[in-house]
Structure formats: structure tokens, C-alpha cells
Amino acid sequence: EAGVTQFPSHSVIEKGQTVTLRCDPISGHDNLYWYRRVMGKEIKFLLHFVKESKQDESGMPNNRFLAERTGGTYSTLKVQPAELEDSGVYFCASSRGLAGPSSYEQYFGPGTRLTVT
Amino acid sequence: DQQVKQNSPSLSVQEGRISILNCDYTNSMFDYFLWYKKYPAEGPTFLISISSIKDKNEDGRFTVFLNKSAKHLSLHIVPSQPGDSAVYFCAAKYITGGGNKLTFGTGTQLKVEL
Chain U
42 EAGVTQFPSH
52 SVIEKGQTVT
62 LRCDPISGHD
72 NLYWYRRVMG
82 KEIKFLLHFV
92 KESKQDESGM
102 PNNRFLAERT
112 GGTYSTLKVQ
122 PAELEDSGVY
132 FCASSRGLAG
142 PSSYEQYFGP
152 GTRLTVT
Chain G
590 DQQVKQNSPS
600 LSVQEGRISI
610 LNCDYTNSMF
620 DYFLWYKKYP
630 AEGPTFLISI
640 SSIKDKNEDG
650 RFTVFLNKSA
660 KHLSLHIVPS
670 QPGDSAVYFC
680 AAKYITGGGN
690 KLTFGTGTQL
700 KVEL
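Read top to bottom, the protein sequences are chains U and G.
The opening position of the first sequence corresponds to residue 42 in this note's numbering, with each subsequent residue numbered one higher.
The opening position of the second sequence corresponds to residue 590 in this note's numbering, with each subsequent residue numbered one higher.
Which bits of chain U does chain G cover? Going by a derived footprint, with three or more residues having C-beta under 8 angstroms, they are: (1) 69-82; (2) 92-100; (3) 143-156.
It should be emphasised that the hints constitute simulated quantities derived from the structure, not laboratory data.
No residue lacks a Cβ here, since even glycine has one placed at the ideal position from N, Cα and C.
Isolated chain G (complex conformation) (with noise of 0.2 angstroms):
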């Protein structure tokens, strides 16, 4: 039973563009959605989170945006690099009474091409 899906395995696209990465969870006790970033070989690295009391988180390049209605949140990276090729997961958790666990989806890979 997954409770969290990224339903893309893959993403292309152009340097310079929009990547969306989407992500929708089935558990409603989920109340803090991470994504984190992976390459190659490498562990995965903490990219940015948001609390299910916003609707939008925003670092840099990177924004997250949360719909607690539809149980969706996707993570726009604007302008995309070709850095930015890696394997992003989305993950969740529940504050009150989940413990620290993430429970994460498959992972979307995203590939930025020149």
C-alpha cells in the first residue's frame, strides 16, 4: 500500500525551463512533506519541505507547493540547470504521533538537457 506516489518515473527537460515534479499522498494524517534530491551513488540530500499549514515554500530556484485538499504537492525548479539532473523523491510524515519516520514515494528522474 503506497501512501505516497510520484506517478513519473522520468522527466525531460530544457536547461533554462520549468521542471514540475508532482507528487500526491493517500494518507490525510501526513502533515509535513519533504523532497529530497539523489544522484548517482549518493545518499539523498534534503532539498526543501513545507508544513501542511502553508500552501507554498519557496528557496531559491526551488518551490514547493502544497494542496491539502487534493493531497498533491509538486516542486517547481525555475530555471532548471543541468545540475539539477538527479533523482528527486518526495516524502511525508505526521507530527503528532508518527514519530520521525518519512515514508517516501519511487522517485522521479528528472534529466535537464542543453
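This is chain U alone, in the form it adopts within the complex (with noise of 0.2 angstroms):
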């Protein structure tokens, strides 16, 4: 069974640039979740999709932020304009199951880190 993948691995842009991050979970897994790590901190909740439905985004920091879920396949999350807060490693993650146990056991991709200049 394949990871979840994310890409790029890195991306540096400068200050009022636009990103587009991309994130390919586990297949099968409804759940679909992104998270963020700023400087060695704490790895902090962004949003939860379940399926194409965003099922809580009270992590996403303002509307600089965006992400989709086509299809309840694969997600994008773009900055658009970057700021230099929001330099980082972002990961997302995937769980199985819409409730109980499994679905509360996320697997995360590598993450990417981004860096704005």
C-alpha cells in the first residue's frame, strides 16, 4: 500500500508569490488532513477534509489560505500571497473510516517545506 505523497518536497518563493501545495493520500482513506510546523514547534492543525467536504477548518490561520479536495481524491492548499510567517513544513496526513479507532490514527506524508523570502 502506497504512502501518503506530497509534493514538492521543497519550494522557495518570494513574499506575495502563490503556492500550491499537493497532497495524495492513502488510497481508501476518507479522511484527509493538513498540518503545518513552523521552526521546531508544535506540528499544528490546519484543516480536515472528509471525502471532498471540509469537515473542520478552524486551524486555517486566515483566507490567505485555500484547499480543495477534488473529487475526494487528492488535495491542494494554496498560499496566495505568501508571507514570510508563513515559511514551514506542511504536512498532510490521512486516516481511514469515518469513526472509532481507525479513523483516528493518521498517517502523514513527508511534508514540504516552504520557504518565503
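Two independent chains are provided; combine them into the complex using the hints.
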């Protein structure tokens, strides 16, 4: 079973530019999550999709961030326009099922390191 | 406001000895806890979990203990091996009304020395 994949692995952009991150979850996983880790701090929740619907977007920092999940498969996270404080590692995770322990245990991708200069 | 705290940023242990990683939480609504291990340039990997109805869960060399009254959990690794050297994250969630989002601590860097 292929794991969660993310693209690109690393992106360097200038302040004000746009960047789109992509995540492909494990096949068959209904739940997809985005998290961010800034400067060696804690990993912070951004949002949660169940299939194609946003279940919880309480962690999205502001309206410069837009997440989509087309057809309930892969997801994109767009940052527009990027600011310096958006730098960090963006992780995507997925989990199986809609309830119970199988939905709690999230499988993470390798992350995209975003550097805004 | 950090709801999950890992107060030790690093820990060094000799191979074969026990590693004990600690985690404290402040939100009494948390009722499910997970430990993740992370190697450099990789994503966190699920290690072990525990529900609040238990006080211990064991999986091979890894045991997690939960003390609800103290809002404290710990991960014991015994015996420690060099391959265990990684950053360990404690995470928590609440099952009822909390959705699936995980709240993480800042991590503890474990180094297992030969």
C-alpha cells in the first residue's frame, strides 16, 4: 500500500507570490488533514476533509490559505499571497474510516518545506 | 496556549537502557492520546496510542502510561536501540465533538547512544 505523498518536497518563493501544495492520501482513506510545523515548534492542525467536504477548518490561519479536495481524492493547499510567516513544513495526513480508532490514527506524508523570502 | 506540553526538548540514553518520554496536557476533554516518531526529512509515523479508559498500553518495546488525574502520559521504550533516535511527538484528541484533529506537543529529540 502506497503511503501519503506530497509535492513538491521543497518550495522557495518570494513574499507576495503564490504557491500550491499537493497531497495524495492513501487510497481508500476518506479523511485528509493538513498540518503545519513552524520553526521546530509543535505540529499545528490546519483543516480536515471528509471525502470532498471540509469537516473542520478551524486551524486555517487566514483567508490567504485555500484548501480543496477534488472528488474526494487528492488535495491542494494554496497560499496566496505568501507572507514570511507562512514558512514552515506543511504535512498532509490521511486516515481510514469515519469513526472509531481507525479514523484517529493518522498517516503522515513526508511534508513540503515552504520557504518564503 | 499550548494544550499539550513536552517539557524536555531532548533526551540522551544509552543503548539497552530505558527511555522515558513525558507529556502533559491541560485540556481535560482530551480522551485519546497518540505517540508519533519522526526522522529527519520524513513525516511523523504513528507509534502507539491509548484511550482514556485505560492506564497502560503495550506494544513490543513500547509502553504508554496514562495518569488522567495528573493529566500526564509517558512513553517507555525498553530496551532502547540506536534506531530509536528520532523526535517523538505526543498528540491528543477528544472523541466527542472534537472531530479528528490532533493537538501536538513540541516534540522530544531522543538520542540513543552506543
